[in-house]
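Each chain, written out:
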Amino acid sequence: MRVQRSPFFYWFVLPSATLAIVFAAAMIALLQYSLRQHIPGSLVVGGFTLDNFARMAKWVYARVFVDTLLLSFYTALLNLLLGYPLAYALIRSRSAWLKGVIFIATIAPLFTGDIVRTYSWIIVLGNNGFVNVVLKELGIITTSLQMLYTPFGVVVALVQYSMPVMVIILAAAISHIDVDYEKAAASLGANPLKVFVNVTLPLSLPGILSGFITIFAWTLSAFATPQLVGGGKVNMIANMVYNVGFSNFDFPFAAVLSLTALGLTMGLLTLLRLSVRRFEHVGLH
Amino acid sequence: MSGDNAVRLEAVSKRFGPVTAASDITLDVRRGEFLTLLGPSGCGKTTLLNLIAGFVEPDRGDIYIDGQRVTETPPYQRSLGVVFQNYALFPHMSVAQNVAFGLKMRKVGAGEIRARVQQALDIVHLAGLGERRPRQLSGGQQQRVALARALVVDPKVLLLDEPLSALDKNLRAEMQVELKQIQRRVGVTTVFVTHDQGEALSLSDRIAVMSDGAILQLATPAGVYRRPASSFVASFIGNVNRLSARLAAIDGGTARVEVAAGGSVDVPLERCGVRTPGRDVLLYVRPESLRLAREGEVTAALAAGTVQAHVFQGTHVDVYVDCAGLGLVNVRAASLDTAERWPVGRRVAVQGDMAEAFVFARDEAPPT
Amino acid sequence: MRRATRRRLWRLSAGAVLGAILLYLTIPSLVVIMAAFNDKAILSFPPQNPSLRWFVKAYNYDDFRKGFYNGLLVTGWASAIALAVGTTFAYAIDRFSFRGKATLETILLSPLVIPHFTVGLAFLILAAQLNVTRTFSLVVVTHVVLVLPFVLRCVYVSLKNIDTALERAAVSLGAPPLAVLLRIDLPLLAPGLAGGWLFAAILSFNEFTASLFVTGQRTQTLPVAMYTYIREYADPSLAAISAVFIVATAMILVLADRFLGLKRLLAIEAGR
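Chains Y, V and P are the protein sequences, given in the same order.
Each residue of the first sequence is one higher than the last, beginning at 19 in the working numbering.
Each residue of the second sequence is one higher than the last, beginning at 91 in the working numbering.
Each residue of the third sequence is one higher than the last, beginning at 19 in the working numbering.
Keep in mind the hints are simulated off the structure, nothing from the lab.
Certain hints may be false.
EDC-like mimics (lysine to aspartate or glutamate), calculated; alpha carbons at most 20 Å apart, straight line [as the list claims (entries may be wrong)]:
1. Lys251(Y) - Asp203(P)
2. Lys58(P) - Asp268(Y)
3. Lys76(Y) - Asp196(Y)
4. Lys117(Y) - Asp69(Y)
5. Lys270(V) - Glu252(V)
6. Lys246(V) - Glu348(V)
7. Lys117(Y) - Asp57(P)
8. Lys259(V) - Asp286(V)
9. Lys84(P) - Asp57(P)
10. Lys194(V) - Asp275(P)
11. Lys270(V) - Asp286(V)
12. Lys194(V) - Asp244(V)
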């Protein structure tokens with residue numbers, strides 16, 4: 019039921035329309051730049067060309083995409099494994115205290131910002147960092163383990179970085195599972211493990227899928243973590259874009275890389291939407 | 091032309107996409123009367139209320155309030171009072187502020203507002219609760235606040251949209267009585283929407299029975315109960331047995347109807363919606379018009395069958411008799427020892443008083 | 019008897035797993051706080067000679083101060099604009115149907131899925147094409163675009179939770195549209211608006227990636243200044259700032275959870 023036509027219509031649509039136009043203009047500018055010729059040593063761009071896209075095929079650049087995909091995959095997988103128990107406990111635990119701890123510990127990092135979160139990992143993983151110092155003092159190692167500037171270190175930091183989002187998605191999925199299903203399964207003789215495997219897990223599958231793909235897509239665009247924890251040794255797409263842009267001042271090619279990353283992200287998210295819809299069709303809702 | 095009518099709908103139509111919510115409805119609500127719009131969900135009764143309130147604009151037709159055409163008048167200028175299904179009390183205001191809202195919108199002075207709010211809360215027996223928040227009140231109390239809020243502005247018409255449906259059963263009965271008393275005392279014209287025929291029968295001066303966006307019958311409660319205009323009305327109001335039968339003959343002022351099970355009865359001709367002898371018809375008989383008798387003891391039995399079940403209702407017992415060719419027939423027995431007198435499995439005869447029965451054609455689709 | 023033992027064992031191992039994961043999540047914050055109070059520049063455990071010297075150094079470092087004020091400026095404008103745009107748009111989505119609504123929605127929600135560096139680069143290029151230098155308005159617009167989806171979501175959810183019968187009730191009592199908006203909708207939306215604004219402010223103040231692209235020397239925000247510092251120096255001044263960030267964020271979240279129901283805003287708990 020709709021209230022009669024509102025006198026505020028334009029007041030309510032105009033601000034957002036303006037902003038949308040500005041943003042669309044920026045994206046169009048980006049698209050336009052990707053088709054312009056780069057003139058080395060100059061910030062001014064030349065005529066229209068498709069060469070920038072052809073350069074993508076070079077292994078130096080393509081490799082970064084492959085590395086990024088791999089790092090994102092590991093990050094999403096580890097996220098799922100570590101995030102599920104947290105999300106499950108966050109929703110199903112009977113202890114308000116535990117819920118509070120999980121909530122603050124997992125969600126708070128989302129709001130502390132990229133730099134703070136990444137910097138912390140430098141102190142933890144560095145050659146004179148927390149882990150190495152503790153291991154040395156315990157006498158387990160004598161020389162420092164190299165963790166900073168390695169893919170391992172980057173993944174460790176990235177997993178923690180994206181955990182809040184994973185937990186939010188999984189928790190939402192689990193909270194929508196009626197406890198009565200679990201009770202019904204238990205009343206039919208299933209032990210807690212079987213209840214989990216046969217009822218809870220399958221019912222949370224849409225959340226698992228959605229969490230996995232979301233984190234995967236999210237990590238594709240990670241910048242601060244690989245920039246600082248990777249320290250130039252581990253490069254992801256965003257770092258390459260930054261370097262191409264601000265070291266070579268080759269903005270047309272940076273635009274191409276950005277658009278490719280955007281395309282990749284969109285592709286993944288479309289995949290997500292399709293697969294989630296499919297699950298909902300099966301009637302898992 | 092609409093001199094003594096508080097509300098007049100003139101050939102009003104409203105469609106929502108493919109759904110016809112009101113089709114060419116003309117309706118007069120008399121000043122001071124309690125009129126109920128009764129029908130199943132989706133019949134258009136709420137749309138009709140929304141049309142009167144102005145929340146919805148008609149596609150065609152005109153609406154008059156107090157003789158003035160208000161078809162295009164926005165709802166905030168119609169001077170009506172509306173009580174919503176879930177009361178729609180403003181959660182961020184106290185009870186007193188809720189009641190005062192309409193007066194404030196009318197720019198009434200602070201002193202007068204205080205006095206009138208007080209008076210309105212007195213009427214609904216909530217004096218002293220003005221400072222509470224709505225959510226601190228029980229369902230029944232919230233209901234009264236909603237009523238006070240609607241009444242305090244002296245509305246030309248009071249519109250009630252299923253206001254009792256959110257209450258539990260006992261409270262509902264209590265509020266029915268109170269609603270009726272308050273309406274009487276204030277004398278406000280009231281349009282009440284409900285799907286509950288019990289509510290409609292006990293509260294209304296007149297009932298408009300609706301189905302598929304049309305008013306099928308507009309009559310007093312006794313009128314719609316005893317003289318339903320169609321099979322739909324007959325089935326929707328009260329319990330009724332629909333018995334397969336055939337119109338055998340018309341003889342002066344009576345129609346002879348042969349029931350499928352073999353018995354035959356005379357029904358007053360004016361209660362018979364079919365005038366062609368030989369047609370298949372349905373005989374509508376209320377359970378309270380039927381009685382049980384020993385099989386073979388009576389001659390003019392309607393049907394015979396086996397007692398299947400008793401449903402104890404407190405004031406009476408509903409006995410269900412399985413009759414060949416008719417299915418389960420509901421007979422209402424007043425005496426509370428019915429279960430002993432007519433145990434399950436006993437063969438019985440069913441007799442009836444046909445003065446209150448009615449006949450409609452068979453092919454008229456019965457409502458579900 | 020055996021059942022009880024088994025259950026205890028099960029709970030113990032579940033607790034251990036949870037504990038380990040939580041440790042992994044919280045250890046960076048704990049270590050940073052420890053390092054911030056450590057007198058020496060090099061980490062040592064357990065920490066010796068607690069001192070506040072890094073806090074003092076960070077406080078007196080010009081770039082941090084400037085970054086902080088720049089950040090406040092940008093965040094103030096960006097969150098206010100995002101709140102205004104987000105609120106009006108949420109209302110428009112919920113209440114009006116008009117041509118181009120879906121397109122508008124797609125464009126304004128897309129920053130959720132577009133990488134921040136792409137947005138940053140796009141605005142940088144737009145500014146270059148318009149011959150605008152890296153001004154504050156460029157940073158503000160970029161931030162508005164990035165935080166808008168969160169505001170929109172917050173406000174939209176609270177708007178959906180307003181029973182439209184309340185508006186109809188107000189209208190039936192004689193309230194014209196503006197009065198309904200100001201006396202019914204606005205007060206009922208207040209928690210959603212506060213939550214949306216808080217989201218926008220926190221995200222904007224902390225935004226780093228896109229800011230790195232669109233800020234210049236003069237307009238750099240605190241995260242950008244911190245990033246530059248990490249690349250140049252290795253002392254724990256940054257740990258000191260980080261510690262302040264972590265404690266402040268945790269406090270804000272606890273307060274927000276208490277007053278606004280953060281879990282509901284994040285849609286973790288099934289809305290009922």
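The hints, checked one at a time:
no. : hint                  : result
1   : Lys251(Y) - Asp203(P) : violated, 54 Å
2   : Lys58(P) - Asp268(Y)  : violated, 42 Å
3   : Lys76(Y) - Asp196(Y)  : violated, 52 Å
4   : Lys117(Y) - Asp69(Y)  : violated, 54 Å
5   : Lys270(V) - Glu252(V) : holds, 14 Å
6   : Lys246(V) - Glu348(V) : violated, 52 Å
7   : Lys117(Y) - Asp57(P)  : violated, 35 Å
8   : Lys259(V) - Asp286(V) : holds, 12 Å
9   : Lys84(P) - Asp57(P)   : violated, 26 Å
10  : Lys194(V) - Asp275(P) : violated, 35 Å
11  : Lys270(V) - Asp286(V) : holds, 16 Å
12  : Lys194(V) - Asp244(V) : holds, 13 Å
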